[in-house]
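Number of protein chains: 2
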Amino acid sequence: MSNSIEFYFDFSSPYGYLGAQRIKEVADKHNRVIDWHPVLLGAIFKVSGQAPLVNFPLKGDYAIMDFQRSAREVGLPYAHPENFPIGAVAASRAVWWAKENTERTIQSKTTDLVQAIFKAYYVDGQDISNAEVVLNIADGVGLDKAVLTDALQDQAVKDRLKSAVSAAIEKKVFGSPMMIVDGESFWGNDRIEQLDRWLTRGGW
Amino acid sequence: MSNSIEFYFDFSSPYGYLGAQRIKEVADKHNRVIDWHPVLLGAIFKVSGQAPLVNFPLKGDYAIMDFQRSAREVGLPYAHPENFPIGAVAASRAVWWAKENTERTIQSKTTDLVQAIFKAYYVDGQDISNAEVVLNIADGVGLDKAVLTDALQDQAVKDRLKSAVSAAIEKKVFGSPMMIVDGESFWGNDRIEQLDRWLTRGGW
Chain A
1 MSNSIEFYFD FSSPYGYLGA QRIKEVADKH NRVIDWHPVL LGAIFKVSGQ
51 APLVNFPLKG DYAIMDFQRS AREVGLPYAH PENFPIGAVA ASRAVWWAKE
101 NTERTIQSKT TDLVQAIFKA YYVDGQDISN AEVVLNIADG VGLDKAVLTD
151 ALQDQAVKDR LKSAVSAAIE KKVFGSPMMI VDGESFWGND RIEQLDRWLT
201 RGGW
Chain B
1 MSNSIEFYFD FSSPYGYLGA QRIKEVADKH NRVIDWHPVL LGAIFKVSGQ
51 APLVNFPLKG DYAIMDFQRS AREVGLPYAH PENFPIGAVA ASRAVWWAKE
101 NTERTIQSKT TDLVQAIFKA YYVDGQDISN AEVVLNIADG VGLDKAVLTD
151 ALQDQAVKDR LKSAVSAAIE KKVFGSPMMI VDGESFWGND RIEQLDRWLT
201 RGGW
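Respectively, the protein sequence lines represent chains A and B. Heads up: the first sequence begins at 1 in this note's numbering, then just goes up one per residue. Heads up: the second sequence begins at 1 in this note's numbering, then just goes up one per residue.
Bound-form chain A, shown alone (with noise of 0.2 Å):
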């Protein structure tokens, strides 16, 4: 999609959390639209060698505290969630069922379902692993729990997220959040700033 920023993410990630609830201002202030990307990272580390940062000794402990401290930074409410990292595919398939609707009232919920999916993680700390738990988060925003029941057993959402997560390394996304303007790649939440300031020299 031209003229927008591609935000990729996993729902399992705190920095795509944190991202997510920012890249919006940043979106406005250049008129950009944003166009989410649920993906699993699980099924990219296999490709790109890595593993989650909570594995790592000395690294894992860090992460957990960056988590906390980069959330209170930016004035955002954190807790880390008890289970974690989860798997968020129910969640992602809801995600792509959503943004990919015909039917337009669906369609313009997608962005509500991001934020109430991340909210009810990370900071109501619900299990969004659980598709009874995602059924009733899009429910909260409007959207048919029914229609989406049926959506998230149907063959072609559950391709919709593969062929997702394929386009995602094809244009070597490794992490969560990560954004692409332009073809241009910023990885981080920690680098939304910098995204800004490319946009704003109408990008070097």
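There could be a bad hint or two in this list.
Because identical chains share one entry, a pair is satisfied inside a single copy or across any pair of copies.
Claimed, not checked - Calculated cross-link-like contacts (lysine-lysine; reagent style DSS-like; alpha-carbon spacing at most 27 Å):
id	residue 1	residue 2
1	162	59
2	119	158
3	59	24
4	59	46
5	99	145
6	29	119
7	172	59
8	171	46
9	109	145
10	145	162
11	99	29
12	158	29
It is worth saying that the hints were derived from the structure and are not from the lab.
Following the hints, position chain B against chain A.
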């Protein structure tokens, strides 16, 4: 050292180079001294289960681009070294020797030596893994080449670097640069602004 910013780094880390140039301003602003801790990430990675950034598919290419963009962002010259990463044993030993020297004239050259070695590698493309190159850089900042030549072979100097790496691991240092101030750790050139704000707020 109280009232200091402990600055852990590997000379083979581009973010270490950028951070080392930028930390002075923050230290001056808050009346802190910089306590240089050259370490060897190779030894630390064995404990922390990590590997050099550029060894990872996907992430590696991004990293090399990000070194250059991050340098441009802060207005520092950067030429990605042909031979990268390298082992900075001699360079690191030289800094420990200078830093803990009983001769005040030698000790006072520590910061100049750190900056000169970084510049030689990331700006002038010199091979700082070569001890002779390190000796010439030291000579350039006014250190006695013959005295340092002997020091680099001194078992006490060799042991000092080893104990410094062990002490860094004890302090959960796993990357470069890593800054510890009043017991709080900050990892990355991209955390210097956070460190600055943290000190401004009086630590939280």
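For this session: Indicate which option fits the pair residue 119, residue 158 if close means a Cα-Cα distance not exceeding 27 Å: within, between, both or neither.
Result: This pair counts as within: shortest intra-copy Cα distance 24 Å, inter-copy 51 Å.
Exercise. Given identical chains, is residue 59 near residue 46, meaning Cα to Cα at most 27 Å, within a copy, between copies, both, or neither?
Worked result: both (20 Å within a copy, 13 Å between copies)
For this session: Can you give me the call for residue 99 and residue 145, within, between, both or neither, at a CA distance of at most 27 Å?
Result: within (16 Å within a copy, 66 Å between copies)
Problem set entry | Intra/inter-copy verdict for residue 171 and residue 46 if alpha-carbon distance must be at most 27 Å | within (16 Å within a copy, 31 Å between copies)
Exercise. Quick one: residue 158 to residue 29, C-alpha cut-off 27 Å, is that within a copy, between copies, both, or neither?
Worked result: neither (34 Å within a copy, 54 Å between copies)
Problem set entry | Homomeric proximity label, residue 172 with residue 59: Cα distance no greater than 27 Å | So residue 172 and residue 59 pass the 27 Å test inside a copy (23 Å) and across (8 Å) alike.
For this session: Classify it for me, residue 109 with residue 145: is the Cα-Cα distance of at most 27 Å met within a copy, between copies, both or neither?
Result: Within one copy only: 13 Å inside a chain, 68 Å across chains, cut-off 27 Å.
Exercise. Are the CA atoms of residue 99 and residue 29 at most 27 Å apart within a copy, between copies, both, or neither?
Worked result: Answer is within; shortest intra-copy Cα gap is 23 Å, inter-copy 48 Å.
Exercise. Given a CA cutoff of 27 Å, do residue 145 and residue 162 count as a within-copy pair, a between-copy pair, both, or neither?
Worked result: Within. Shortest intra-copy distance 23 Å satisfies the 27 Å Cα cut-off; inter-copy 60 Å does not.
For this session: First find the shortest C-alpha distance between residue 162 and residue 59 inside one copy, then the shortest across copies, and answer within, between, both or neither for a cut-off of 27 Å.
Result: between (30 Å within a copy, 21 Å between copies)
Exercise. At most 27 Å between C-alpha atoms: does residue 59 with residue 24 qualify within a copy, between copies, both, or neither?
Worked result: Close across copies (25 Å), not inside one copy (30 Å); limit 27 Å.
Exercise. 27 Å Cα cut-off: does residue 29 pair with residue 119 within a copy, between copies, both or neither?
Worked result: Close inside one copy (24 Å), not across copies (37 Å); limit 27 Å.
Consistency with the previously given hints fails for number 12 only.
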